[in-house]
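Novice: Sequence:
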Amino acid sequence: TLRVNGTAEVVEDHPALGDAAINGRAPKSGLVIHAREIYLHCAKALIRSKLWDPEVQIERKSFPTLGQMIVDQAGGMDGEAQQASIEIAYKEGLY
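Using this note's numbering, read the sequence shown as starting at 74 and increasing by one per residue.
In short, the hints are calculated from the structure, not lab data.
Computed from a predicted structure; not experimentally measured.
Where hints are given, some of them may not hold.
Computed cross-link-like contacts, DSSO-like style, restricted to lysine-lysine with a CA-CA straight-line distance of at most 27 Å [what the hints assert, rightly or not]:
#1 Lys123 / Lys134
#2 Lys134 / Lys164
#3 Lys101 / Lys164
Cβ pair distances, simulated, as ranges [what the hints assert, rightly or not]:
#4 Leu113 / Val83: 19 to 29 Å
#5 Pro88 / Leu167: 18 to 28 Å
#6 Thr138 / Gly91: 27 to 37 Å
#7 Ala157 / Arg133: 12 to 22 Å
#8 Glu85 / Glu165: 14 to 24 Å
The C-beta atom is built at its ideal place from N, Cα and C for all residues, glycine as well.
The task is simple: from the sequences and hints, build the whole structure.
Specialist: This is the structure we're talking about:
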């Protein structure tokens, strides 16, 4: 777990917004974080997780898509259609 202590503010007029522009379109707002402390919490937990152990890693293809996760939680939709809608939103709805 990464722990960050400090403050944050939502900004609408900040130089970094221009740095985040994609295809000439900058975000309308951003989050500025003023970190006072940053540290890993319980490094032993990261070691115990065996994150880098190939024996316990799961094939990426076995993970559900975001669309399928939404369907599993909300129901009443088609997973493939939901995923297609998400991918269109990623391409056309950025900012």
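Novice: To test your reading of the hints: which numbers does this structure violate?
Specialist: As far as the earlier hints go, not one is violated by this structure.
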